[in-house]
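Trainee: Dock chain A against chain S, hints included.
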Amino acid sequence: MILDLHAHSVVSDDGRAKVPNYCQWIRAKELPIEGFVLTEHRQFDFASDYNALARQFGLTILKASEVETEYGHVLVFGVTEALTHAFDFADIRLPLAQVIEEAERHGAVPVPCHPGRRRVGMAAHIDELGVPEGVRIVEIFNGGSRGEEDRIAAAMADEQNYRGIGGSDAHIVSHIGRCATRFDGTVGSEGELAEALRSGGFEALSFREQQA
Amino acid sequence: MTVNRITDVEFGDTLPVFDPDTRLANVARFVKTAHWNGPRFTDHEAARAEGLPGALVPGIMSQGFLAAMIHRWAPKAEILYVDTVFRAPVIVDQPCHINGVVTDIDEATGEVEIDLTVTNDAGETRVFGTARAKLPN
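Chain order of the listed sequences is S and A. Residue 47 in my numbering sits at position 47 of the first sequence; the count goes up by one each step and never skips. Residue 1122 in my numbering sits at position 122 of the second sequence; the count goes up by one each step and never skips.
This is chain S alone, in the form it adopts within the complex:
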């Protein structure tokens, strides 16, 4: 099963895409993904219910979060209500160690995203802060990467023996599906997604050249 693990909707402050239009775009353009995960910035979107939309388009639509730490931005998959009380998702200087510890305590999976990016990526902070403990997965293909950012991410993943995922980081409709992650099995819920990531049965994919 192929899911785009990193997308933003109008719920995020810089998101400009409406979720129904993502679905319409995926089907109209026959993109090779079977769903996507909405990773809204600095929050978990409890309010939105995409179940009817998912059924209408035959897609899997899941929810996660993108939080901000001293090492840059981190996707958190498998967010529960209890986890949202464990730390302040809106805090832009969360300690990465706390995010990892609390995520794992609540069955969630933290994944530093666009780690090759300046300022908001993990690689840029390792020289100053050291290699963080507890990171197991990073995003190695990001649809919004520029220049050498994905290469830096992949090199860091190789060096630190991290697993890699892919996500489009879409903020507008036509950017959905540029990168994604293939899972060995089926993923139908936020909990199954976290479990699939823990199992290690996945690989990162990039469709950027095909879609250029």
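Worth double-checking, as some hints may not be accurate.
To be verified - Below 30 Å or equal to it, Euclidean Cα-Cα: the simulated DSS-like pairs (lysine-lysine) are:
{"hint": "1", "chain 1": "S", "residue 1": "K63", "chain 2": "S", "residue 2": "K18"}
{"hint": "2", "chain 1": "S", "residue 1": "K29", "chain 2": "A", "residue 2": "K1134"}
{"hint": "3", "chain 1": "A", "residue 1": "K1032", "chain 2": "S", "residue 2": "K29"}
{"hint": "4", "chain 1": "S", "residue 1": "K63", "chain 2": "S", "residue 2": "K29"}
{"hint": "5", "chain 1": "S", "residue 1": "K18", "chain 2": "A", "residue 2": "K1076"}
Said to hold, decoys possible - What follows is a set of in silico ranges between Cβ atoms, one per label pair, in the way DEER data are often shown:
{"hint": "6", "chain 1": "S", "residue 1": "T80", "chain 2": "A", "residue 2": "E1107", "range": "35 to 43 Å"}
{"hint": "7", "chain 1": "A", "residue 1": "T1002", "chain 2": "S", "residue 2": "V10", "range": "26 to 34 Å"}
{"hint": "8", "chain 1": "S", "residue 1": "E133", "chain 2": "A", "residue 2": "A1049", "range": "36 to 44 Å"}
{"hint": "9", "chain 1": "S", "residue 1": "G58", "chain 2": "A", "residue 2": "G1012", "range": "13 to 21 Å"}
{"hint": "10", "chain 1": "S", "residue 1": "S199", "chain 2": "A", "residue 2": "G1038", "range": "54 to 62 Å"}
{"hint": "11", "chain 1": "A", "residue 1": "N1137", "chain 2": "S", "residue 2": "Q160", "range": "52 to 60 Å"}
{"hint": "12", "chain 1": "A", "residue 1": "A1049", "chain 2": "S", "residue 2": "T186", "range": "50 to 58 Å"}
Simulated from the structure, these hints should not be mistaken for laboratory data. Just so you know, even glycine gets a beta-carbon here, dropped at the ideal spot from N, CA and C.
Mentor: Structure of chain A alone, referenced to chain S:
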């Protein structure tokens, strides 16, 4: 190809790519007209001295390019808004390309939503956003 009516537009339609003139002389003319004159827009060395990668195409000029692109495609369109997110600077004298695709249509109101991206020669997105425009029925 141009469109004149909302019924001419389909979901996923691609607007003709627009390669705007980002050369120094054109940017200098723009900032003088807009009263935004400043060395960071018209002098590469001065811009680098400010820590920038080169002289910048002003954001309002990029937005003007986006509006121009929409009107080249749909001359009769009324642009309701152009909403941009600046991810990386657009540099003077470096070619850039503006792409647009239709991502929402409301035939009842005659309004379309358009994804817009400004990319460089490497295909990197410098600016993205959306626009909403109203076409005649």
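Trainee: Check whether the Cα positions of K1032 of chain A and K29 of chain S lie no farther apart than 30 Å.
Mentor: Violated - the C-alpha atoms of K29 of chain S and K1032 of chain A are around 43 Å apart, more than 30 Å.
Trainee: Is K63 of chain S close enough to K29 of chain S, meaning Cα to Cα at most 30 Å?
Mentor: With a Cα-Cα distance of about 23 Å, the restraint between K63 of chain S and K29 of chain S holds, given a limit of 30 Å.
Trainee: Take the C-beta atom of T1002 of chain A and the C-beta atom of V10 of chain S, compute their distance, and say whether it sits inside 26 to 34 Å.
Mentor: Since the Cβ atoms of T1002 of chain A and V10 of chain S sit about 29 Å apart, the hinted range of 26 to 34 Å holds.
Trainee: The hint says 36 to 44 Å between E133 of chain S and A1049 of chain A; measuring C-beta to C-beta, is that right?
Mentor: 41 Å, holds
Trainee: Does the alpha-carbon distance linking K29 of chain S and K1134 of chain A stay inside the 30 Å limit?
Mentor: 24 Å, holds
Trainee: Are the Cα positions of K18 of chain S and K1076 of chain A separated by 30 Å at most?
Mentor: Holds, at about 26 Å.
Trainee: Has the hinted range 54 to 62 Å been met by the Cβ atoms of S199 of chain S and G1038 of chain A?
Mentor: 55 Å, holds
Trainee: Within 30 Å, alpha carbon to alpha carbon, are K63 of chain S and K18 of chain S?
Mentor: Roughly 14 Å separates the two Cα atoms, so the pair holds.
Trainee: G58 of chain S and G1012 of chain A, beta-carbon distance inside 13 to 21 Å?
Mentor: 18 Å, holds
Trainee: Given the hint of 50 to 58 Å, is the C-beta distance from A1049 of chain A to T186 of chain S inside that range or not?
Mentor: 56 Å, holds
Trainee: Holds or violated: 35 to 43 Å for the Cβ distance of T80 of chain S and E1107 of chain A?
Mentor: Cβ of T80 of chain S to Cβ of E1107 of chain A: about 42 Å, so the range 35 to 43 Å holds.
Trainee: Quick check: does the Cβ-Cβ distance between N1137 of chain A and Q160 of chain S fall within 52 to 60 Å?
Mentor: Given a distance of about 58 Å, which is inside 52 to 60 Å, the answer is holds.
Hint compliance for this structure: hint 3 alone is broken.
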